[in-house]
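So the protein sequences, as listed, match chains A and B. For what it's worth, the working numbering labels the leading residue of the first sequence as 47, then goes sequentially. For what it's worth, the working numbering labels the leading residue of the second sequence as 96, then goes sequentially.
Hints were generated in silico from the structure; no laboratory data involved. Just so you know, even glycine gets a beta-carbon here, dropped at the ideal spot from N, CA and C. Errors might be hidden in some of the hints.
To be verified - Coverage of chain A stretches by chain B, computed from C-beta distances (three or more under 8 Å per stretch; other residues unrestricted):
(1) 68-80
(2) 111-122
(3) 171-183
(4) 204-217
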Amino acid sequence: MKKISIALTFLILCLQAAHAQDKFFTKSGKINFNATAPASPEKIEGINKSVTCVVDTKTGNMQFAVLMKGFEFERALMEEHFNENYVESNVYPKTEFKGAISNNATVNYTKDGVYPVKVKGKLSMHGETREVETDGKITVKAGKINASAVFSVTLTDYKISIPALVADKIAKKANIIVDCSLEPLK
Amino acid sequence: MKKSFLLGSWFLLCLLNFQPAKAQDDLLALVEPDKPKKERVKYAFKSPRVINGHSMEFLNPGTMDFRILHRFGPLDQGYKNFFGFDQANMRLGLDFGLLQNLMAGIGRSNVKKEVDGYIKYAPIRQATGPGRFPVTIALVTGMTMNTSPWEIPEQKNFYTSRLAYYFQTIIGRKFSESFTLQLSPTVVHNNLVANQSISNDIYALGVGARLKVSQRIALTCDYYHNFNGLVEDVTFDPLSIGVDIETGGHVFQLHFSNAVGMNERAFIMETTNSWAKKQMRFGFNLSRVFQISKKKKAK
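With the hints as constraints, model all of the structure from the sequences given.
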């Protein structure tokens, strides 16, 4: 009996360990945002390197949280305008994406490889929530996974208005590049 | 006993293991929230100047602010003087952001051909989170030099007579997204004054405020109360009321003021117009910020 109990305990512990491997996360994911209009003399581009991302490999659920103040720009004034005039990061500090990988079954998280995925979900930014759908990539390598995607958002969908004066610099759509290296969530 | 203990712990483990998957909806909640960080309160003013006086705000490190200031003639002369536009006094200035809490600038005004320079440093910035502080405290020290020809070239003139200094402490707080208020006790020291009745050291208290009315427009007010430097009916406390308009890379500070001077010595001591006598003038500050050293590009 004793032996069985111990064995069972181990089994459960193992199961638990395996269970924990279901979820992957990072707090230092990268999101690059680029809203440079074609004719703009300067790049309207920022990067955030402290994106939180959690992926549940079992269900394919995927969530991101981005602190808007974390975007860094090459020009300090651009950063100021981004925070003050466009995304109003004091009022809407966080942008969230809650969605799922729709073809999660095709991804083998235990085998190294690159898997194309489709992600669909809701993006909440600047007080507005919109459906977003994009193609992405899941790369599995040595027990870690990397999630990347490129998509674009229309700024007016999120009530971010571009004054006519800078319309030749700031594009109506911002290109978003997501790159998150995830580790098992313990 | 031992058996039941083992069995019990086994059940406990089972329970632990088969927790309902409540995290489906909120995966993000599984990740420990970041510890709150000290966060500096930014953008208290659109510009490092309220209108005339220094504000609690600093230029970003690596940027240069090219400032063109104009003060027109008094409005009360009407069309004859095209509401003051026939006259203009100006100051050109270059300000540099060195650190997030250190900046310096130089400028030259056509009034008295005066050159001025200053250094502004904030030992404490308003911040939230751990290590928060309710106000920004900034210290300014500046110097002005009158470069116009000596009034009486025949007498022995000393170079130091051209100089004046000012020292200022700015205590400011951004109360909300829209409202900022600051107080700035100031001392102006003149090496040479016009006559004995005027003290070499003038004490003044500045009050600056900003009310943001939209993302790019703010109302501003800049007032200095002079404690011992006013000559009755000749000089007055400078009061400026204006609007900051921000476009892409420019800030326009349009205002009405009774002051002509565009450095601390001049507007605190030599404001010869009075609001009471309706002698205000129109003026503007045009500020253009350039990034001169690139921020380390985020990789």
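Right, here's what the structure says about each hint:
1. 68-80: holds (count 3)
2. 111-122: As far as the stretch 111-122 of chain A goes, the hint holds, because 7 residues have Cβ atoms under 8 Å from chain B.
3. 171-183: violated (count 0)
4. 204-217: holds (count 4)
Violated hints amount to a single one, hint 3; each of the other numbered hints is respected by the structure.
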